[in-house]
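S.K.: Next come the chains, spelled out residue by residue.
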Amino acid sequence: MAVPLLDIKGLAVTIPTRGGERAAVSNVDFSVDRGEVVGLVGESGSGKSLSMLAVMGLLPRQFGVSGSIRFDGEEIAGAPERRLRALRGRRIAMVFQDPMTALNPVQTIGAQITEMIRLHNAGMSRAQVRQKALSLLEAVAIPAPERRFDQYPHEFSGGMRQRVVIAIAIANDPDLLIADEPTTALDVTIQAQIMEIFAGLRAERGMAIVLITHDLGLVAGLADRMSVLYAGRIAERGPVGPLFAAPRHPYTASLLAAVPSIDDVSERLHAIPGTPPSLSERPPGCAFAPRCDFAVPACRASEPDLTRVGGSVVACHRANDPAFAARLKEPA
Amino acid sequence: MLKVVVRRLLVMPFLLLGIVTATFLLAQFTKGNPLVSIIGARNLDNAEVVAAAKARWGLDRSVPERYAIYVWNLAHGDLGTSFRTKQPVLKDLAQRLPATLELVICAMIVGAAGGIALAIVSAEFKNSLADHVARLVALMGSCLPVFWLGLIALFLFSVQTRLLPGPGRLDIRAVAPPVTTGFMLVDTLLAGNVAGFIDAARHLVLPSLVLGWSVMGIVARMVRASMLDVLGQDYITMARAKGAGRLRVLVHHALANALIPALTILGFTFAYLITGSVLVETIFSWPGIGSYAVEAARSLDYPAITGVTIIGGLGFLVANLLTDVAYAAADPRMREAT
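Each protein sequence line maps, in turn, to chains F and S. For the first sequence, the residue numbers in UniProt numbering are 1 to 332. For the second sequence, the residue numbers in UniProt numbering are 1 to 338.
Calculated from the structure, these hints are not laboratory results. Glycine included, every Cβ here is placed at the ideal spot set by N, Cα and C.
Okay, the calculated bits of chain F under chain S, using three or more residues with CB under 8 Å as the criterion:
#: 1; segment: 76–89
#: 2; segment: 116–125
One side of the interface only, derived from the structure: several residues of chain F facing chain S at Cβ under 7 Å:
#: 3; residue: Met-94
#: 4; residue: Phe-96
#: 5; residue: Val-106
#: 6; residue: Tyr-152
Based on the sequences and whatever the hints tell you, model everything.
M.R.: The following block contains the structure:
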């Protein structure tokens, strides 16, 4: 089997707080193959973005990162800044959540795109760089790129800005695109257009994409596999189809139940009761146990290990219980 | 943007009139007798001399009359005649303002460049030793009195080590170049006098450093705060995600944004220095309007006091206008908003 493009093993991120170091991400395994789209799903604060910023080496210095991060076979966890800089923007690129804040307000769109090209293509002439930037604007379907080139971010709508952010990210044809909640800040019709751009990138350029989101609908539409993160740990991961059809972790099942369905005529939205534990008050056993309808005493006593069940890998004490699996399909 | 500038320029005369009125009244109500400096204390008992002097300088008229005459003359570009130098105030100021401006511009360069550099170090290495040292250096400039600092600087660099010349704008044996702009650096160059230029530059070093250091603290503090704010923004992470180096991110992306809120303080500092350079001018025998203001105040030279105040007020108004223009230049969002 070929080496995965991105292979994370045992990733842990600690954050310094007044009460000492807190583990925000622990023991996360995650991999992406070339040309594959993998969803990284979880609530706010579950460690999705932290994990991916760790891959790019963009976490603040005070944060502790341990574990192995292999990119195209090369260990990049703790690699020197020089090496990481050569990868950033060239082979791994990132699309940020909020296009309103991701662009520098005092630079023209053109300057921000050409910067990305110039940083990694020292030999290109000014005219070539400009030409390339214009073609990128065209690639993300921005009308009248010539005119738009010299405008500033505040002259663009949110959706248009996100297209610019994507144009910047794909400028150097990266192997891996990390999209951090790329559509969260946009309205639904724009969301669909942005997701179409991603689908196109994958189909035409063979780009591998990590799609960080809390929107399972996006994952269903685009991803091949997905990992569900809860309180900084993998709760469940596997191919999207089987996982949607038969979630093995009560948390995944609750997330799926929380997606509003067009066929569902009841007026109430399903919500998961309670909130995820804060970094400082993580319960001793399974982190999800306090919110879980199926928790048994064992869940509060020890943390479940990841075990393979069918096509998925799941961290739940009751994952192998057949009666439990049947009940999961009909959440309370 | 042009509209704003025009509107500001139209309002300026009225603001100046306000400043003139306030200063005129304040000066008139000051306890003291300007005649002392006009005719000397000994002649105060001589009724004839007093009456003649009063008539000569218009001091026999009522305050409202004097005010009306002053404003009328001012509108015609006449700032009156100094009691002390017996020269038109406008001429006095024209002679002295370039010296002050030259010093203030150099001090601003020192203060702004130094303050911004310290702020970058502070923000990039927040809460580390480098941050504390940078903040201490900036704070010391604000805390240490400039008259003391000036004397120490003269003692160390001029008297003890002879690295730099003493007070004044040029060496006392040097022949001053013909006055064209009044800026010594420019005039020496215009006269093709390279040695004079170097001499003038060397004379500028100490007073500029002392005066510049005194404003470094406020600049550093403002820029540090806005740098820290900017460094937490998404577009900074984005710039790093592009593969940009640390220095490029700091200067090209962060500083360009962080300086926008700092422009206000830079403009204000410049205006403040025009009249705030008094102590440094005194210590370094700098023939600027600071020392002129001190002399004018001491001899209750009404026209000179009002003249200096007008220059100071004008300095603030112009600095404010320039700040607004700079805002528009630095921030594309401002260009349309105004």
